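Protein chains in written order, with our numbering: chain A, 1 to 282; chain B, 283 to 515.
Hints listed in this document are in silico derivations from the structure and should not be mistaken for laboratory results.
Keep in mind it's a predicted model, so treat the numbers as computed, not measured.
Worth double-checking, as some hints may not be accurate.
With a cut-off of at most 20 Å between alpha-carbon atoms, the simulated EDC-like pairs for lysine to aspartate or glutamate come out as follows [to be verified]:
id	chain 1	residue 1	chain 2	residue 2
1	B	Lys-509	A	Asp-122
2	B	Lys-509	A	Glu-95
3	B	Lys-415	B	Glu-474
4	B	Lys-415	A	Glu-116
The primary structure of each chain is shown beneath.
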Amino acid sequence: MIHIDITKSLFGSGGMMELSVSLAIEEGSFVVLTGVSGSGKTTLLRILAGLESAEGVIRVGNERWLETGMAVAPQQRRIGFVFQEYALFSNMSVEENLLFVANDTELATYLLEITELHMLKDRRPHSLSGGQQQRVALCRAMMHRPKLLLMDEPLSALDASMRHTLQQEIALLHREFQTTTIMVSHDPSEIYRLASRVVVLEAGHIVREGSPKEVLLQTSGSQKFAFEGELLEILRADVIFIAVVAIGQQLVEVVISEYEAQHLKAGDRIRVSTKAFAPMIG
Amino acid sequence: MLELLKTIEWTPFILSFELAAATTLILFAISLPLAWYLSQTNSKTKPFLEALMALPIVLPPSVLGFYMLVLLSPSSVIGTVIHELFNVQLLFSFSGLVVASCFYSLPFMIQPLQSGFESLNKRMLEASYISGKSRWTTILRVALPNMKPALMTAVIITFAHTVGEFGVVLMVGGSIVGETKVASVAIYEMVEIMDYTGAHIYAAIMIGMSFTVLLSVYIFNHRQRYKLGGLSS
Chain A
1 MIHIDITKSL
11 FGSGGMMELS
21 VSLAIEEGSF
31 VVLTGVSGSG
41 KTTLLRILAG
51 LESAEGVIRV
61 GNERWLETGM
71 AVAPQQRRIG
81 FVFQEYALFS
91 NMSVEENLLF
101 VANDTELATY
111 LLEITELHML
121 KDRRPHSLSG
131 GQQQRVALCR
141 AMMHRPKLLL
151 MDEPLSALDA
161 SMRHTLQQEI
171 ALLHREFQTT
181 TIMVSHDPSE
191 IYRLASRVVV
201 LEAGHIVREG
211 SPKEVLLQTS
221 GSQKFAFEGE
231 LLEILRADVI
241 FIAVVAIGQQ
251 LVEVVISEYE
261 AQHLKAGDRI
271 RVSTKAFAPM
281 IG
Chain B
283 MLELLKTIEW
293 TPFILSFELA
303 AATTLILFAI
313 SLPLAWYLSQ
323 TNSKTKPFLE
333 ALMALPIVLP
343 PSVLGFYMLV
353 LLSPSSVIGT
363 VIHELFNVQL
373 LFSFSGLVVA
383 SCFYSLPFMI
393 QPLQSGFESL
403 NKRMLEASYI
413 SGKSRWTTIL
423 RVALPNMKPA
433 LMTAVIITFA
443 HTVGEFGVVL
453 MVGGSIVGET
463 KVASVAIYEM
473 VEIMDYTGAH
483 IYAAIMIGMS
493 FTVLLSVYIF
503 NHRQRYKLGG
513 LSS
């Protein structure tokens with residue numbers, strides 16, 4: 001088990017804010033931290049890695065990483081960390097990046113093979129694509145068989161298809177190594193695919209947690225489709241009003257009543273819902 | 283031409299280069315941890331330290347030379363202590379010149395190193411710590427190899443600047459042949475006794491060497507930037 005009970009004052013998006021998180025994580029689980037930016041997710045990861053100080057306690061198995069007046073250095077924690085911006089050692093080749101962490105050629109070869117990077121092992125990081133670089137970073141993080149793998153929005157800089165491939169690889173590595181993992185992500189489909197548990201952070205506090213189904217499927221059981229979106233524009237077409245709404249990456253047009261048209265304005269967060277007894281899926 | 287080259291007294295140049303080499307070596311060792319500290323700290327003392335260490339750039343060499351004379355003289359406390367501990371007389375000696383040059387050239391070593399360290403991707407350094415590597419291993423194997431242009435600039439500019447030193451050297455070292463009479467002082471003396479031919483030759487050699495040194499730095503840095511594909515990636 002990993003026990004986390006920490007507090008830290010920090011500058012969030014809305015001024016001073018208190019990060020106060022209490023969590024118990026089972027070994028081998030895959031936890032996704034989500035929430036709006038500035039809610040303290042990255043800081044929490046950095047505290048777990050020992051890169052930032054905090055008050056409180058962190059216990060991993062029977063090791064104590066943080067206690068009042070004592071913090072184990074990042075070097076001694078044996079964690080893997082995947083940064084959003086890859087952070088590879090640009091003076092080393094792909095293989096050297098891995099061997100720098102641990103001189104275990106066998107493991108390095110294995111990791112490079114399952115992520116299909118072995119052809120690129122002598123290349124320098126700057127000659128690789130973003131997706132390839134992040135794969136190298138992922139392999140590098142696994143090199144000393146970490147007790148805890150931390151990933152800070154590892155896929156957010158990649159395009160959709162690359163993201164999908166990497167999600168599969170992350171899942172594969174998680175199955176192979178059974179590493180307890182905490183990942184920050186904003187992408188619901190990614191969370192659904194990977195997480196065994198979701199923790200939603202808001203202004204430094206946990207506001208919701210549970211399985212991806214419980215947290216993400218807000219309409220479960222109600223037989224309704226409901227989508228959160230942003231109202232972009234209200235158009236008038238003869239006697240009806242049409243709202244243009246952005247839901248995720250997609251724009252939809254919805255007919256609204258005159259009353260609604262008067263009370264809504266562009267930029268509002270709205271929810272579009274409909275009864276859906278027999279939706280067509282194609 | 284060959285005859286002319288044979289008549290040139292090379293000792294001042296050799297001395298200049300020995301002085302520059304010693305200064306560069308010592309300054310590199312001192313500046314590396316200092317520049318690293320400055321690049322990583324958020325301490326309130328940082329601006330004071332930075333201002334203090336940049337002083338030699340703006341001060342007239344005579345100010346530095348004057349204080350060195352006062353501090354290093356055998357009658358001063360420091361001068362006495364150094365004399366008793368190492369049995370070295372720092373004024374008007376080569377060792378004294380090295381000490382004075384180290385102060386004089388300090389910013390030329392510190393500043394490029396510091397900005398080199400600062401230009402590194404912080405996450406890359408953190409990735410090294412997380413990989414279990416100590417600060418020293420990180421500096422030597424991750425930081426320095428990724429800032430070769432800064433490293434080259436620091437070393438070469440310090441070296442070149444020390445070769446080009448004049449005021450401090452003259453004040454602290456005087457002009458003792460084979461001991462403190464470096465090239466710049468030799469040129470000054472030639473002009474003083476109106477040996478313009480000698481001065482021309484010495485000055486031309488200085489220009490030629492300095493230009494070659496600077497040119498090689500710029501070529502090296504140009505190639506490195508191209509090779510690493512930008513400093514921070």
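| query | Checking against the hints above, which ones are violated? | reply | Going through the list in order, the structure violates hints 3 and 4 and respects the others.
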